[in-house]
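Enquirer: In order, the protein sequences belong to chains W, A and X. Read in order, the letters of the first sequence are residues 731 to 892 in my numbering. Read in order, the letters of the second sequence are residues 2 to 529 in my numbering. Read in order, the letters of the third sequence are residues 72 to 460 in my numbering.
The set of hints was computed from the structure by calculation and includes no laboratory data. None of these values were measured; they are calculated from a predicted model. Beta carbons are placed, not taken as given, at the ideal position from N, Cα and C, and that holds for glycine.
Facing chain X, a subset of chain W residues (Cβ under 8 Å, in silico):
| # | residue |
| --- | --- |
| 1 | Leu-757 |
| 2 | Val-784 |
| 3 | Gly-792 |
| 4 | Ser-795 |
| 5 | Met-803 |
| 6 | Ile-855 |
A partial selection of chain W residues facing chain A, derived with a Cβ cut-off under 8 Å:
| # | residue |
| --- | --- |
| 7 | Val-833 |
| 8 | Val-868 |
| 9 | Ala-873 |
| 10 | Val-879 |
| 11 | Gly-883 |
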Amino acid sequence: MEQLFFILLALLTLSAALMVVTTRNLLHAAFWLILVFFGIAGFFILLHAEFLAVVQVLIYIGAISTLIIFAIMLTRRIMDPQQPRFNSQWGLVGGLAALLFVVLAAVTTRVAWPTTSATLPAEPIKQLGADFVGVYAVPFEVASVLLVVAMIGAIIIARERG
Amino acid sequence: MTFPTLNFPVIAPQIVLVAAALIILLADLMVANKRILGWISLIAVIGALAAVFVCRSDSAAFPLALGGPSGPGTMALADGLGLFASAAVLIAAGLAILLAIERVGDFSRFEKPGSEKKQARSGDHPIAEAPGPQVTDRAGAYYALLLLATAGMTAMATASDLMTIFIALEIFSLALYILVGFNRRDLRSGEAALKYFLLGAFASGFFLYGIALIYAATGTTSLEAILHNIQPMSISLPFRPLLPVGMGLLLVGFGFKLALVPFHMWTPDAYQGAPTPVTAFMSVATKAAAFAALIRVLAAVASYDRPWLLALAALAVLTMTLGNLAALRQTSLKRMLAYSSIAHAGYLLIGLAAGNQLGVEGALYYLLAYTFMNLGAFAVLLAVQRRDENDVTGDRILGLAGRQPLLAALMAVLMFSLAGIPPLAGFFGKLYVFSGAVEAGLAWLAIVGVLNSALGAYYYLRVTILMFMAEPAESDQEISSGKVETLQPGWAVMTTVVLAVLGTIVLGLWQWPWTQTIAQAVSTLALR
Amino acid sequence: MEYISNFFVNLGNSWTSLLSSFLPPWAVILINFIIVALLLVLMPVIATMTLTIMERKIIARIQNRIGPNRVGPWGIFQAIPDAIKLLTKEDIVPVNADKPLFNLAPLLIFLGAALLWAVIPFGRGVIGQDLNVGVLYLVAVGSISTIAIVMAGWSSNNKFALIGAFRIVAQLLSYEIPMVLAMASVVALVGTMKMGEIVELQSIPFLLILPVAFITYILAAAAETGRAPFDLVEADSEIVAGYFIEYSGLKFGWFYIAEYGNLLAVSAIAATLFLGGWRGPFADQAPVLGPLYFGIKTILIVFLLMWIRGTWPRFRIDQMLALAWKVLVPLGLFNLLWVATMIKLPLPVWLQWAFILAGNVLALLVTLTLMGQAAKRYAARRGMVGTRA
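Could you build the full structure based on these sequences and the hints that come with them?
Expert: See below:
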């Protein structure tokens, strides 16, 4: 049953991802991307990581996609569906991407992925929260510095000249 | 639930820097004289430097025993290497702030174009009606971002967990993207920022992917734990194939940040377009932080294995050669120094490719020397650069010795040091790095390095010749006849140059304390 | 006693075992899923049928009119002919519209409105799915409607629609933050994100402990549903109807249903988080009272929102954003910080709650004082009547 769901979800996500890169209309690409994000949220649910699934929807769909769509709408020429999708280097890039795929595929098939029966903690969210302020306190707090930098930067860039 | 004890001295420099950045942002709203902000940030950097020396402790921010070797371990580690690299970063930051104190207005001040018209148009709109200053000065944001970038770099230098390394990397990268594009009047600056941002974001992707694969292979992000997990399982580690791919991706990410050759495309444009004090800062401090992290990652993930060292050696050869060849052909001095800093990244990499005690010691020594001489060279460029321009071509320094003998002499010292002429710091740096390579059995690499130094000497000495042997160009005759505003480098810029030159000379002539410190720092690392 | 207090759970169990007696297990699951899904989908429709007439009557009363009075006693069946009219209208798609997106948007926005109901407890055990991330789920589902609105605004190929979409996205993103902060302070207080458990642990309505969070939530909810005074999304005098200007017939109906579905949903969430949900006198002894209490509390909040709509003038966009970022977000942050600090103090629970309440009241007073001063300064600058300057 879970296998079936996984296959369906993978098909959905992959075909949506394919549409993202092939569709001519940039805005449609953004909406396909949202479908990809939904698919990934679905994978998280299959992995019993409800928190990550919900956060995926909240951040990637609620915030990031909206920003992407805004950026597309506010950019003029980029909306033109007549624009060519490829530039002169597409062959090279395609080759590199294929190479990367081959390497990753070779590696992943060679790895003996073990299936462990590790049990989840009784309250995974509480554990996550405790880890954020416990073991991972330094990266967690430092991430807030990152946000401060991003905020200052956004204001500098967005503020009118003068 | 037990909370691990947080060892504050380890992160004290970062706390000082971030707090100062926030104070500056607040003070920016109240202080009219923006120079005060510069002094505050300088004090903060000195305070952080003091914290580095006072709070040095060999213990980690989190004791490893907490989660066991496979669990989460240390996040930050104030060992000799981290403190040394932090000190280099902080010296660079201090000099860059001193450099900018007089000249920050060149690229941070804006006069509101057509402000009266705008007020009339918006009529009764209350926002436009508010009495606002006609001239905005973003100096506060400049200093704050510089301090935050410094905090990120010191955090990266002391980080001992891939997660901390990545977040620190992102902090200083983001701050630098903004700083590079800080000059909103100059289109070049914006272009530079965009290129740097796009490629940098791409590089971050590689970096993160590498971290993910390494995590998949070892089940942890802590460098110590990775080292711990690899060794006992090295015979039949089930995820073994993931490690090289992950390390390769990490190397690509580091390559972007260090401007190593296949990944250097953004460097000339970003260095040329950025405001000169920013270029001076990022060209040295980024390298110090990223090299420290690279040394750690190589020790943990690649254990300085032979294939990796050969890959590094290949990168070093490419980087040196291409950087020097491209630098030969530049007319813009800023762009020339950009290519030369690529070449210097190659020399630094030789020390890592050697992978032995001597090589890494040499790389660290070279890093400090490079901090002084490269920053000083950019400071001289700022000194001869006019307020309304952001680039220096060769004819601006034609006959500089006639007009400003002191400045020309200082520049000559810096150029000699960059070229690697004894007894300056640049020479000893190269000497240590090359002898490390010879000791590791990579004599050919040392030979390529020497040949490249000869190549580099050509364009460094050309700068000296331009200053001392050539007549001033026409535009400068106009300057001396009083038609154009005379260029007088401010005292702060001169102080920076003098300090940098002093650093170069002292480091070269009086080596023992430095080499001693470096040897101690390196001795705790897991090298070959 | 045990049986009665878990009446609905036992009822559900009996129903399931009844079905299981003659159906295979997968069919039982399927039937139960279909029933729950139907209920979810029905909730927004029920909301529209009842709340429209309620709103029209209340607004009419506020404006000294009578309101609809033709169909049925006091006009209470007015919604039925309205619905029939809507269904029989022509379905128009603009020539240059982006057709797939234009058709998808109404469905998506309805989906967002319906999915909200999955985690709202109507009584003890009467909840679609008591997710352990329930509160976060509500916020996440709410973001789907943002996407749907952008989709509608863009695909209509109409400048008013696009402006409306831009406005509402700015509004939704801004007000999501105070809303989440208000919800988070409740979560911090009870230590769980399960909606059902929040009600169980609410021995006194949290409105009495966290008035600041409640007020923040109500204002944010009014903005999230795009209702007056935050209705500049569809400000008729400026941009005609906003993002759904080009929609007609049933597709317009979906937007309409989603709007009222959301109104009822945010009220139900407020009732759950702040008014004690289905709790009330004798609700334990007579479980049927639970949903009744819940309904009454929800309708009270709906009435509050309608009251606000009927009496306040519309905000301008900068005022609206300023309210969110300069007032509600700092207030919400303070509140969350205060709650988080207080519950860690080694004190008896009632004392902690008293401290939280005291902090809330103080924050409210300070905010109101500051806002009053700001208003006076503003009025003095603009030379308005009533200033002493």
